[in-house]
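So you can see what is in the structure, the chains are spelled out below.
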Amino acid sequence: MRTRPCGDTGLLVELDSLEEVLALHADLAADPPSGTVDLVPAARTVLVRVAAAADLPGVATDVLAREPGAVRGRAEGEVVEIAVTYDGEDLDDVARHTGLDPEEVVEAHTGQTWTVAFAGFTPGFGYLVGADDRLHVLRRESSRTRVPAGAVGLAGEFSGVYPRESPGGWQLVGRTDHVLWDLDRDPPAVLLPGTRVRFVRA
Amino acid sequence: MITVLATGPQTTVQDVRGRPGRADLGVGVSGAADRRALALANRLVGNAPDAAGLEITLGGFAASFPTSAVVALAGAPAPVTVDGRPADPHRPVVVPGGSELRLGTPPTGLRTYLAVRGGIAVEPVLGSRATDVVAGLGPAVVGEGDELPVGSAPADPVPGIDLAPPPRTDGTLRVVLGPRDDWFADPALFLRSAWTVTDDLNRVGLRLEGPELVRAEAFTDVELPSEGVVRGSVQVPPSGRPTVFLADHPVTGGYPVIAVVVDADTDVAGQLRPGEQVRFRRVYR
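In order, the protein sequences belong to chains A and B. The first sequence: position 182 = 180 (my numbering), numbered continuously. Here my numbering = 1-based position in the second sequence + 299.
Honestly, the hints are just simulated from the structure, not real lab data. This one's a predicted model, so the numbers in the text were calculated from it and none came from an experiment. Here a beta-carbon is modelled for each residue, glycine too, at the ideal position from N, C-alpha and C. Be aware that a few hints might be false.
Here chain A is said to cover these stretches of chain B; the calculated rule only asks that three of the stretch's residues, wherever they fall, bring their Cβ under 8 Å from a Cβ of chain A [unchecked claim]:
id : region
1  : 318 to 332
2  : 402 to 416
3  : 568 to 580
A few chain A residues that don't get close to chain B, going by computed Cβ distances all over 12 Å [to be verified]:
id : residue
4  : Asp6
5  : Asp25
6  : Thr59
7  : Thr83
8  : Thr96
9  : Gly97
10 : Ala106
11 : Arg137
12 : Glu163
13 : Pro191
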């Protein structure tokens, strides 16, 4: 664990793995350093945003002294089931990149439990990590300017579902009618960090 | 209630605070691009600090007031008239019922803030009335013909003030280097260069034109896993041309951030307009 400066109101904590990110994020969320405004976990970092008047060196000392253990409690949580029609435009490309056939891609996607590591990109978008690495693929070489709401994609070590129409560079394998962002709900997002997900065939 | 007659290039409802603390939903902070100016306009009409006002980009805004109101303008000094008579920014202005308020184009700066005593009382979304144009949160961008509700007058009186002094700036933004300055062959080039603000500019950020910031050899063709960014982060995509993130920046970014503008100076950045020059001065924290 090491820290990097991020202006006068932030501290970027670097970690070696996504597991360490999740553990540190859980630890910080349960007992935030004094002055914390927001925690932004990502693939290998946790950004700690603090109030303008906060003692940033003190926050750094606090963070570096932590020894978060493994994330517990995740296994007992509720599992959200998302029904997917697997007719994505990039299904064949994903098959080619992974050395699987399209049917095996679908089996790999539906055959494991995914966990939301963190949110970002757009409200309600969760970065899901799987139990194995069969479906690790690069982003598309060129981004699409319009990806429809409900599109299910893969990029790097992650899977995700576009909550609303937006530009995007993920490899699209299918689509779902599951509404992932609804301001009339509290919380409005379905895919919160720690939520577990099973994809099933629609 | 006020009725919008003209919006100029873009007018949005904003508040100072935005939506902090919701990164777990993928929701960014948003709020006024120049929070200091909106805070001042609110103070000048006796509003609470969290009252919403209008962020008017490059002037051109007009509205009719069916009932009398007290308003104040701050930020970019757009000329303002009430029923054709010139009025002053940076002080409380009484707008009589049935009259029209009009803004011209500001000679400097980019965003003018209009506070109305009582605040713009649109429904808050996730605790804020700010429009996040990228995330699609908060009220829609203000359009011609919109009727905007005004809240009831706050308990605080309109302060007895003649004129609040406008802030001074010298075109320099203070930055803390990092978090990814080591990704660049010559991070000092960023500090010693004058940068020109391009017209690729919105509430998300502003793109700068200047020398190409080349990656250090060890980081050529390396992809950065997305990481959290803040208002003021200066992100450098492979083109080598930096973007300074403003109010509606994404929660995470996928390109290295060479430096971060200190929080107070991001309000100054929110007033930069295309063609202006800007320099960065290193500070330590």
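Problem set entry | Violated hints - listed by number, lowest first | Violated: hints 2, 3, 4, 11, 12, 13.
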